[in-house]
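Participant: Sequence:
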Amino acid sequence: MLFTMDGHPESHKDDSSGTQVYTLGEIVVTRKKEGVESIGTVHRVTQEDISISGARNLNEAVNLLPGINVMVGGDAVPKIDIRGFRPRHNILLLNGIPINSTYDQQFNPSIIPVENIAEIKLTSGPSSVLYGQGGLGGVINIITKRGGEGISGMVGAQVGAGLSHLVKGSVSGRKGRMDYFTSASYSSRDAYPLSAVFEPAALEDGAKRNNSDKEAGSLFANLGYDPSSVLRLGLTFSYLFGEYGIPPNVHDPETDIFAAKPKYRRIEPYQGYSIQGAFELFPEASPLSLRGWLYFNQMGENSNRYSDDQYDDFIRDRSLVTYRLKNETRVLGITLQPQYAIGDTGILTMGLTAQRDMWKSQGTAWNIWSSTWPPGYTP
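Using the numbering used here, read the sequence shown as starting at 2 and increasing by one per residue.
Bear in mind the hints are in silico, worked out from the structure with no lab data behind them. For glycine and all other residues, C-beta sits at the position ideal for the given N, C-alpha and C. Hints are not guaranteed to be accurate.
As the list claims (entries may be wrong) - Beta-carbon label-pair distances, calculated as ranges: (1) L232 - V322: 29 to 37 angstroms; (2) L295 - G151: 26 to 34 angstroms; (3) A355 - E150: 32 to 40 angstroms.
Claimed, not checked - DSBU-like mimics (lysine-lysine), calculated; alpha carbons at most 30 angstroms apart, straight line: (4) K361 - K262; (5) K209 - K264; (6) K209 - K169.
All chains should be modelled from the sequences, with the hints used to inform the complete structure.
Facilitator: See below:
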């Protein structure tokens, strides 16, 4: 149960792209000085900032925020540290929907495109615990776009090094009491290009990083409806899919005693979707108002570790542990925020949240040896 004090309302006008800010899924009401924000440190990145920077996904966009450190390690997944806190100690929200994995609280920001983002808010400091468990470092709150008056659209394409491609587009609008925003994107990369000064190693010949290809796609849509002057309804849906390779070590343990055994891993494929229904009720003659949302988020991936760099066999090399796993995470929750306006003083907000997390993994593993086999058993 959370209580916050807010200042006066802030209006959201149309921007140059013809879209507005979708605020129904925010954890707290958008104000000039939110209760959560007034005792913490808040930084914002707007869609204009993102457009100027040329960022293509979330991990590139958050680089514009202070106190953020983005690293790509051995798992080929960008890790976002906030003030030195690892990803598992930070919360990532998309319109109020938790994106953190229910297995280890990590998240992959590179699969979240930016064409549907209206604003990114980073709340750091002790106030971030008001958003829920795990926010020791901070909270990254992604607020998406919604349609503005008329009809507007966007189409874009990019080509880069490593045979990388990106195509994206969006359509939005508003007519009468209904508004909508939809977007789609697809990107691919053949390989990550290595530096010209890279010296070939035993397991990496240079030019292009082995097993560094990736593919990602997304669909996003939200729909808003105002049945009356005191009630607003919203529905949001997103879908993500793709696959990528995880580059192995570049040094051979047979010639380098400090090198670890190479791991030949791929995520092929991953896919996930989330859906959220939200409402906001604000009677004009009453100091009381109510907003809330129901959400569901699911992400699944096939995680494979192969015998060698052919990436087509699991038992060719009996000395390596290999596996073929299907991992799945689910989050189901509901949030209610009753509010009471205290004259010119501000607004008292109470947050009520119930959430259920689930993680499941199933598959097959090979070449797992143990020193504690049951008596009489010979592997």
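Participant: Hints first: check each against the structure and report whether it holds.
Facilitator: Checked hints:
1. L232 and V322 have their C-beta atoms about 56 angstroms apart, which leaves the hinted 29 to 37 angstroms range violated.
2. Between L295 and G151 the beta carbon distance is about 31 angstroms. The supplied range of 26 to 34 angstroms therefore holds.
3. The hint said 32 to 40 angstroms for the Cβ distance between A355 and E150, and at roughly 37 angstroms that hint holds.
4. At most 30 angstroms may separate the alpha-carbon atoms for a hinted pair to count; K361 and K262 meet this at roughly 28 angstroms.
5. Taking the CA atoms of K209 and K264, the gap is about 18 angstroms. The hint holds against a cut of 30 angstroms.
6. Distance check on the hinted pair: K209 and K169 sit about 26 angstroms apart at the alpha-carbon level, within 30 angstroms; holds.
Of the hints listed earlier, the one the structure fails to meet is number 1.
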